Amino acid sequence: MTGRDKILYFLYLHRNGLTVLALSCLLAIYPLIYGNPYILGLTNLIGLYTIVVLGLNLFIGYAGQISLGHAAFFALGAYGSAILTTEWGFWPWPTILLVALGSGAVALLVGIPTLRLHGHYLAMATLGFNIVIYTVLVQWDELTGGPSGFYGVPSLAIGSWQFDSDLKLHYLVWAAALVCLTLALNLVRSGVGRGLAALAGDEVAARSLGVDTRTAKVKVFVLSAVLASLAGSLYAHTFGFVSPDTFNIFASVDFVTMVVVGGLGSVWGSLFGAALLTWLPEFIDLFESYKDIIHGLILVVVLMFLPQGLVTGLIDLARVRLARWRHRRA
Amino acid sequence: MLKVTSLCRNFGGLPALSEVSFSLQRGRVTALIGPNGAGKSTMINCITGVDQPDAGRVEYLGEEITGMPAYRVAHLGIARTFQNLRLFPRLSVLDNVLCGLTVQGGKSMFGALIRPPQVRNRERRLRLKAMSALDRFGLTDLADWPVDVLAYGDRKRVELARAIVSEPSLILLDEPVAGLNHEETALVGHEIRALRAQGYTLLLVEHDMDLVMGVSDHVVVLDGGRCIASGTPDEVRQNPLVLEAYLGRTAVMA
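Taken in order, these protein sequences are the chains called A and B. Taking the working numbering, the leading residue of the first sequence gets 25, the next gets one more, and so forth. Taking the working numbering, the leading residue of the second sequence gets 23, the next gets one more, and so forth.
Isolated chain A, as found in the complex:
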């Protein structure tokens, strides 16, 4: 190998790690140069959604299942942290973990019976779960503040140093998002991740190769619920206010749209999907009033022309091209 080949091979071998590193540097420097609080508020939201979409993409894109109820786990995280820290005086940091474990336990209870279902039935069951949680949030107003929402969630703090500005929160949120991104990248490159991909491709074959498909589905469902809950807790502490409408079934559909637009089974696509669908409405005024129509349209168009999603679809095309090209050269 020549020097140039060695460098290229090194880049190829560590492509994921290096991309994470580059993205971290970019995210660390960018607010110092361009610290517009409005934009930072928006990118913080993107960071939070990225965490939800990463988990959901493992469940939908990798394991080939469907959930129209992930806004419910996002809600459990947000309301769990909000209520426990404000009303009961729990410490915020451990509460985030506690609530995440609680959401994981709920996911386990919901997942064990519902994950025996497939396709539309699973979609309906998870949708039903979302409606139940939403109704509880709206109706149980002594605890949740009802339709008008829950105010006064404290900021997270390290000692007396508060995460109270968009700039500080930027670092907190994106540190969490990048950690989750790295964990997801690790997972999909492991035997467990291949087991999930196998189960999405062909359940019978996956089982015959030794994948305990039932357990694997429940595990990844719980993992995705824990991530959604973490993002929810951070959401509550970031905005100081939570309202049930953030967590209705349309929010769940939006998360699924982010997964699909970004790319089924693409970790990087999750970031892209969350960013695109959070950002677009802010730049196109028309989007504001017709948001649901346009989201629906995007979903339909992507599914028709690139059923694997934008990023994954394009990568698949590139992979086939690259393989053909290498084959011709060899």
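Derived from the structure by calculation, the hints contain no laboratory data. Please note that the accuracy of each hint is not assured.
Stated by the list, open to error - Per label pair, the in silico range of CB-to-CB distance:
| id | chain 1 | residue 1 | chain 2 | residue 2 | range |
| --- | --- | --- | --- | --- | --- |
| 1 | B | Gly-99 | A | Gln-186 | 44 to 50 Å |
| 2 | A | Leu-327 | B | Tyr-174 | 24 to 30 Å |
| 3 | A | Arg-353 | B | Gln-140 | 33 to 39 Å |
Unchecked claim - Pairs of lysine to any residue, SDA-like flavour, derived with a Cα cap of 25 Å:
| id | chain 1 | residue 1 | chain 2 | residue 2 |
| --- | --- | --- | --- | --- |
| 4 | A | Lys-192 | A | Tyr-54 |
| 5 | B | Lys-151 | A | Leu-209 |
| 6 | A | Lys-30 | B | Ala-165 |
| 7 | B | Lys-129 | A | Ala-224 |
| 8 | B | Lys-25 | B | Leu-209 |
| 9 | B | Lys-129 | A | Arg-213 |
| 10 | A | Lys-192 | A | Thr-206 |
| 11 | B | Lys-25 | A | Leu-209 |
| 12 | B | Lys-129 | A | Leu-141 |
| 13 | B | Lys-129 | A | Val-203 |
A quick note: this is a predicted structure, and the numbers were derived from the prediction, not measured. For each residue, glycine too, the CB sits at the ideal point set by N, CA and C.
Keeping the supplied structure of chain A fixed, place chain B upon it in accordance with the hints.
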């Protein structure tokens, strides 16, 4: 090594298998033959836990595995291929073969998320193993290709590579040469003999009589869900019941 006793399986009242018994000897190639609908694939499915038998026993290395879930059967070292190819279409050739190493990979999701050095090293080891299996079947150049763009013959070889990559103690091949041309069939026959020489135990379900007679030590004949004959290839070839099953009653009478 594997012992099947009086296995029965009905589909809505129709017996697909009734009271079938046979056993596999370690290090031998046993062929399961019979006309279409004789119950061959049902038998493989019942052994591997893909389907559950209604009655009877399956024993493997002295342990009863009747009705055990498929993933646990796989962990005991029984690998199989499928009649109508069951590859993972969106994964690359290499990833498909890596999936065959599930039984040797870690099961901990936490370990997979954190990726400590031992997980990293295990992944490297599995990858080398998968690459050597690809090499054995001449698939090295295709390693990065998504499986669904490959030719049929290549896909068959990928499935074979996926079945043997974990070095299972028993391999069940469900029609490994169906749809392959003469040359490819000869290659698979060669490969089966090579596996036998390496000490593998195989159960072969096949229609191609030249292949069966060429590679098997022992042949079991099913017809209409019953075991009608068993023995060496030569014994089976001369058995009038077998001729009748294959050629029809009138042909034999005439």
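Practice problem: Could you work out which earlier hints the structure fails to respect and list their numbers in ascending sequence? | Solution: 1, 8, 11
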